[in-house]
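Enquirer: Chain by chain, the residues:
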Amino acid sequence: MSAKVAEYPALWIAGAACSGCSVSLLNAINPSIQNVLIDPVLPGKHVSLRFHATVMAGQGEPVIKVLKETAKGKPKEYILIIDGSIPTAEDGLFCRLGEFEGEEVTMKDMAAELSKDALAVLAVGTCAAFGGIPSGAPNPTGALSVMEFFKTEGIHTPLINIPGCPPHPDWMTGTIAQILLNGIPGTDDLDEKLRPKAFFGALIHENCPRRAYFDAGQFAKNPSDPGCLYEIGCKGPYTYADCPTRQWNNGVNWCIGAGAQCIGCVEPDFQDKYAPMFKKIDEQGLEKFKIKTR
Amino acid sequence: MKMATKITIDPITRIEGHMKIEATVDNGMVKDAKCAGTLFRGFEIILRGRDPRDAQRITQRVCGVCPAIHGTAAALNLDSAFEIADKVPDNGRILRNLVLGSNYLQSHILHFYHLAALDFVDVASVAEYKGDDQELNALKDFIVRGELAPFVPRYEGDYRFDVSTNQLLTKHYLTALEMRRLAHEMLSLFGGKMPHNASVVPGGITERPTVDKISGFFWRLNRIRKFIDDAYIPDVIAVAQAYPDNWKIGEGPGNFLSYGAFDLDGKSSDYATRKRLFLQGAVEQMSSFKVLDTDKITESVKHSWYTGDDAVHPSVGETLPNARKNGGYSWIRSPRYEGKVYEVGPLARWVVSYFGGQPEVKEAIDSLMKTAGIELKWMNSVLGRHAARALDAKLVADSMAKWVLELKTGEPVCAAFEIPDVAEGMGIVDGPRGALGHWISIKEKKIERYQLVVPTTWNGSPKDEKDQPGPMEQALLGTPVQDVKNPYELVRIARSFDPCLACSVHTVNIKGTKLGAMRVV
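Line order of the protein sequences matches chains A and B. FYI, the numbering for the first sequence is 1 to 294, going by our numbering. FYI, the numbering for the second sequence is 1 to 521, going by our numbering.
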């Protein structure tokens with residue numbers, strides 16, 4: 001038997017979400033999802049995932065009780081992971097997580113209750129980090145990012161944003177490893193949008209294998225064409241993520257590699273200000289980032 | 001006399017999204033059942049006024065488990081609105097099939113092993129494991145350490161396998177994690193990334209087939225085919241042998257609807273009749289095959305948290321949320337076909353193709369009935385749904401092994417198009433969980449309205465304007481419940497449908513079931 005293993009409790013709750021972040025986490029390679037759930041993910045340290053609605057064996061009130069008991073019994077010891085934005089209109093009735101003692105529990109109330117006493121909160125995916133798809137105009141459910149929600153509720157728990165639609169599994173497991181190795185990331189490790197610089201430190205455009213086409217002015221007219229996709233709406237010059245070097249799904253491909261424009265899915269302005277997804281962004285925007293366009 | 005007990009299971013876990021079940025149990029039997037979706041996001045509202053092409057990207061984000069089917073339905077919908085439904089090149093058609101098929105495999109393997117199996121397989125048996133398998137020993141160490149989340153708490157009381165079978169199936173649970181990941185790799189080869197692929201677009205696809213991608217896809221697929229043959233199908237049979245009473249619970253309405261899936265010929269622009277691997281059609285009461293008529297689809301909102309008309313066609317339906325509506329109990333609407341309650345999903349797809357005379361489907365079902373010693377009507381059950389899903393995975397995987405070799409390197413993948421000022425479109429196709437329809441109206445080159453009717457909207461629907469319960473509600477009615485504190489029968493029935501709540505309420509998510517709190521009524 002191995003030496004004593006310390007348990008790091010974690011709770012994962014989903015608001016206005018699609019489960020894509022969780023499914024992306026299942027695609028983790030090293031560590032694999034088995035390593036994350038079962039093994040000490042670092043020597044002597046095991047993440048005990050006490051609540052995750054898609055994977056857990058239990059159901060009903062007993063699992064809602066797990067949430068409440070962890071918050072009460074392990075204050076400042078557990079990591080709270082949130083995917084999906086938090087619908088706040090209609091007193092939160094647009095998203096209910098379950099029932100407890102005969103009362104419906106909304107995402108809005110549960111997110112507030114669990115966030116207050118967490119060691120740290122990881123906002124996983126663009127919906128949790130920046131509002132994402134559900135908060136798109138006209139935001140019919142009053143969906144807020146965790147960051148905005150913390151402001152309205154006066155919550156000051158350390159927050160880390162891991163955006164992406166979905167986030168790359170390495171971004172999630174890497175951030176968890178960072179916490180277990182070095183503690184909660186400080187301001188040096190995060191950008192002004194609270195994203196780990198390790199993954200979100202450079203523009204897609206800087207490392208894009210099609211960058212030479214851009215510099216030479218060779219632009220694709222249709223998505224499946226060779227050439228730079230900028231003229232048909234690629235948001236790579238606006239988007240901070242390491243997709244071009246990291247690649248997706250065991251490194252087999254990525255959006256631009258498949259001949260498709262980057263739609264800027266890790267950015268706060270994804271979907272509204274970056275829309276339409278297949279139209280060129282304006283040149284003034286590029287100047288803001290001091291990028292030469294020709 | 002024993003009083004009736006109301007069981008609330010909220011959340012229902014190990015499904016996609018937010019769902020709740022309420023059941024009233026009287027004399028040991030379910031007398032009343034309600035299924036509710038408990039999340040609403042409002043996709044149809046968010047889509048209004050946007051560039052029509054963005055719908056293909058945005059609707060994929062309805063569901064992270066089955067994004068490829070929304071991507072496909074949206075692309076078909078836009079193809080039809082842009083009048084290029086018959087112009088998609090063969091490479092584009094085949095690559096879209098491979099993207100969709102890979103998502104089928106991912107979804108079915110994930111469903112059986114990671115969502116449903118924990119209702120039948122006792123992972124705790126691994127504590128007694130004495131062999132030298134590294135993964136099982138890692139799991140044994142985990143159990144010995146004693147922090148058993150997320151495998152506890154759980155319903156106790158009905159685990160029937162012996163220790164070694166439990167250990168074998170648990171090993172397959174772990175191998176299946178690798179297999180579903182591999183299915184995403186296959187998809188990503190042609191889709192760019194997954195979840196939420198980047199390459200499917202109106203007109204076809206953006207990725208070009210190359211020999212390395214073709215062979216890389218083929219050999220990943222072969223590993224998954226071997227797993228389906230050696231583990232998935234035998235394991236479903238093992239569950240059927242150990243839990244034969246599950247052929248007799250979960251009987252749905254007995255009406256089945258399928259839009260068909262996997263275009264075998266792109267020359268017809270009529271999705272209701274074009275040649276597909278699985279057939280478009282409807283079967284009422286396990287009898288005769290009926291040709292699909294999409295005009296017969298309607299949606300009602302009487303018991304949903306929406307304001308609007310009942311029994312209207314999705315091309316004119318509106319999404320006006322009303323979170324406190326009297327008599328409402330779900331964010332899911334109630335779609336019906338010919339005003340009747342229809343089930344969708346792998347079972348429906350297989351029943352429709354069986355009665356429609358699809359030869360591979362007919363042969364597989366006939367063989368299953370012989371092997372399992374069951375009659376056709378028993379397919380309308382918990383085990384029938386699992387069996388149909390496993391056969392579905394096998395036929396799709398075997399078909400993809402042929403299709404991938406039909407790709408032609410260097411030939412076009414995508415057709416050109418112009419966005420029309422004014423247009424209407426419809427995209428219908430079966431996804432892993434069943435019939436999915438997207439409808440669009442375009443005005444001034446922008447989305448005027450967009451409507452989705454998704455599989456779990458059919459299966460998880462509440463009562464309609466005639467108070468007919470939805471398919472899952474009907475499947476729960478009459479179920480014997482051994483122990484109201486551990487109503488494992490009810491969650492097995494719910495999970496057999498593979499509910500996807502994020503989808504079901506294009507805007508709404510279903511809430512999970514809460515089982516623990518019993519209130520005597």
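Simulated from the structure, these hints should not be mistaken for laboratory data. A few of these clues could be false.
Straight line, CA to CA, 27 Å or less: simulated DSS-like cross-link-like pairs of lysine-lysine [claimed, not checked]:
1. B:K296 with B:K267
2. B:K6 with B:K485
3. A:K4 with B:K171
4. B:K408 with B:K362
5. B:K87 with A:K221
6. A:K279 with B:K443
7. B:K87 with A:K279
8. B:K302 with B:K466
9. A:K68 with B:K466
10. B:K446 with A:K273
11. B:K446 with B:K6
12. B:K290 with B:K171
13. A:K72 with A:K4
14. B:K248 with A:K74
15. B:K485 with A:K72
16. A:K45 with B:K130
17. A:K45 with B:K140
18. B:K87 with B:K443
19. B:K445 with A:K280
20. B:K34 with B:K248
21. A:K279 with B:K445
22. A:K76 with A:K151
23. B:K6 with A:K221
24. B:K31 with B:K296
25. B:K267 with A:K280
26. A:K65 with B:K6
27. B:K443 with A:K273
28. A:K221 with B:K446
29. B:K130 with A:K4
Enquirer: Does K6 (chain B) pair with K485 (chain B) here, judged by a C-alpha cut-off of 27 Å?
Expert: It holds: about 11 Å lies between the C-alpha atoms, which stays within 27 Å.
Enquirer: With a cut-off of 27 Å on the C-alpha distance, tell me whether K267 (chain B) and K280 (chain A) pass.
Expert: violated, 33 Å
Enquirer: Given the hint that K446 (chain B) pairs with K6 (chain B), test it: the Cα-Cα distance must not exceed 27 Å.
Expert: Distance of about 48 Å is beyond 27 Å: violated.
Enquirer: Taken at face value, is the distance from the CA of K171 (chain B) to the CA of K290 (chain B) at most 27 Å?
Expert: Violated, because 43 Å separates the two Cα atoms, which is more than 27 Å.
Enquirer: Does K221 (chain A) sit within 27 Å of K6 (chain B), going by the straight-line distance between their CA atoms?
Expert: Between K6 (chain B) and K221 (chain A) the Cα gap is close to 61 Å, so the pair fails against 27 Å, i.e. violated.
Enquirer: CA of K72 (chain A) to CA of K4 (chain A), is that 27 Å or under?
Expert: holds, 25 Å
Enquirer: Would you check the hint for K221 (chain A) and K446 (chain B), treating anything up to 27 Å between C-alpha atoms as holding?
Expert: Satisfied, since the Cα-Cα distance of roughly 21 Å is no more than 27 Å.
Enquirer: Is the straight-line distance between the alpha-carbon of K302 (chain B) and that of K466 (chain B) 27 Å or less?
Expert: holds, 9 Å
Enquirer: With a cut-off of 27 Å on the C-alpha distance, tell me whether K76 (chain A) and K151 (chain A) pass.
Expert: OK: K76 (chain A) and K151 (chain A) at ~20 Å, within 27 Å.
Enquirer: Run the distance test for K65 (chain A) versus K6 (chain B): straight-line Cα separation, threshold 27 Å.
Expert: OK: K65 (chain A) and K6 (chain B) at ~19 Å, within 27 Å.
Enquirer: Hint check: K279 (chain A) vs K445 (chain B), CA-CA at most 27 Å. Holds or violated?
Expert: holds, 13 Å
Enquirer: Need the status of pair K68 (chain A), K466 (chain B): alpha-carbon distance at most 27 Å?
Expert: violated, 40 Å
Hint compliance for this structure: hints 4, 9, 11, 12, 14, 23, 24, 25 are broken, all remaining hints hold.
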